[in-house]
Structures are given as C-alpha cells and as structure tokens.
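Line by line, the protein sequences give chains A and R.
One rule links them: number in this note's numbering = place in the first sequence (from 1) + 1.
One rule links them: number in this note's numbering = place in the second sequence (from 1) + 43.
Because the hints were derived from the structure by calculation, they are not lab data.
Computed from a predicted structure; not experimentally measured.
It cannot be assumed that every hint is accurate.
Beta-carbon label-pair distances, calculated as ranges [to be verified]:
#1 S80/A with S44/R: 26 to 32 Å
#2 S72/R with V83/A: 25 to 31 Å
#3 Q56/R with R68/A: 23 to 29 Å
#4 K61/A with S110/R: 33 to 39 Å
#5 P61/R with T71/A: 45 to 51 Å
#6 T29/A with S127/R: 29 to 35 Å
#7 L47/A with G97/R: 37 to 43 Å
Think of the CB as a built atom: it goes at the ideal place given N, C-alpha and C, for glycine as much as any other residue.
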Amino acid sequence: GNSVTQMEGPVTLSEEAFLTINCTYTATGYPSLFWYVQYPGEGLQLLLKATKADDKGSNKGFEATYRKETTSFHLEKGSVQVSDSAVYFCALSNFGNEKLTFGTGTRLTIIP
Amino acid sequence: SQTIHQWPATLVQPVGSPLSLECTVEGTSNPNLYWYRQAAGRGLQLLFYSVGIGQISSEVPQNLSASRPQDRQFILSSKKLLLSDSGFYLCAWSVPSATQETQYFGPGTRLLVL
C-alpha cells in the first residue's frame, strides 16, 4: 500500500536559516506528491505539488523536487522567517484513487 | 472561486452527548468530500469520504458516522461521544478527475469531549 515517511520534529531554526524537511514515500505507479502547511489553529493549506518525476513544485520561497529514483520529495527553503512556523505535511495520491496518504507532520518553529 | 465552510469552529461536549458537525462547499459541483481527524500532536486520519450524494465510504471503524444529504454538504455525526473523540476535525473537498486530485481543506472544528 501507499505510505509517506517524514522526518520527525519538532524542528527549531533561527530566522534566515536554511530549511530541509525530508519526505520519502512508498507507492505503486506514479503518484502525485504534495506539501501542505498548517498554521496554528487553522486547517491545512496546499503549499506546493508535483505530478511527475523531476517536476519541481514551488511556492512562497519553498521548493520540492519529485525524485523517483530515491522516492523522495524533500521540502527546502533558503531563508526561513518567523511566519513560516507551522506544521508541514507531506502527502501523496495515486492515479484513480480519491484519497490522500499523509505523513505524520513536522512541526517547524522559527526563532528571531 | 470555491470556498469551504465548517461549523462550529469550537465545541465542548460531555461524554455521551450527540454530535453534528457540518461542512459546506461553495463554487463547485459534484465535489469529492472528506472528513479527517487530527488528534493532539498527531497526523491526519481519514475518517470518511464521499464521491456523491448518499455515497459514503468509511475508512476506520469508530463511533462516528457521516452523511451527504446534498451535493455540497457533508455532515459528521455521533449518537454518543467518547473521550477519545476529542480532536481537530477537518473537512476537505476535491474535484474528481482522471488525474490525481488536490484536496482543499476547511478551517476545522476543534472538539473537546469532557
């Protein structure tokens, strides 16, 4: 079956530091991959996605590249801000399947 | 544009009481609809999803049920709440298509069962 594994948090960084949150997946075929972000007290928002191998999703300075050879979709940002503090979820969906499979989430805290 | 609403935003209920959480979507037709639960400090658990009126699929056996009385309305219910039902409940929608779908989430309902 499908599964998503994220690096365990919490992750605490100083403002302007470089961010990487690791995500690897197990799936049959060619899934689409997503990163969602959940700010405190809110629902989830789609941050970025990639639908095929070597695609790069990007939004708000965040990037993630679909690596089929390593079954990974790591989230990166060159310079984080305090406002990036949130929980980040990696997820996948497979062709013809209405459901998303989520990772457990990684809590990120940025300190000034 | 499409919007998704959930209410109430926060709810405190005694053990054994009934529950009804509502989710509505505007600006789209025939959406797929989903209910998730997020327990404190944990990931998302898919509870139910629906591909049409009256069509409900349950992902895990539990104390909860779901109904879809209208195309853009999804209701989560319980006859008798348990302490373990506490959590953050999220509704989501997606556009059915032949390709993988992005899901869009509502603001959530925080439920505390005492």
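Hints and how they fare:
1. S80/A with S44/R: 26 to 32 Å: Cβ of S80/A to Cβ of S44/R: about 31 Å, so the range 26 to 32 Å holds.
2. S72/R with V83/A: 25 to 31 Å: violated, 40 Å
3. Q56/R with R68/A: 23 to 29 Å: At roughly 45 Å between Cβ atoms, R68/A and Q56/R fall outside 23 to 29 Å, so the hint is violated.
4. K61/A with S110/R: 33 to 39 Å: holds, 37 Å
5. P61/R with T71/A: 45 to 51 Å: holds, 48 Å
6. T29/A with S127/R: 29 to 35 Å: holds, 33 Å
7. L47/A with G97/R: 37 to 43 Å: Between L47/A and G97/R, where Cβ atoms are some 28 Å apart, the hint is violated.
In summary, the numbered hints that this structure violates are 2, 3, 7.
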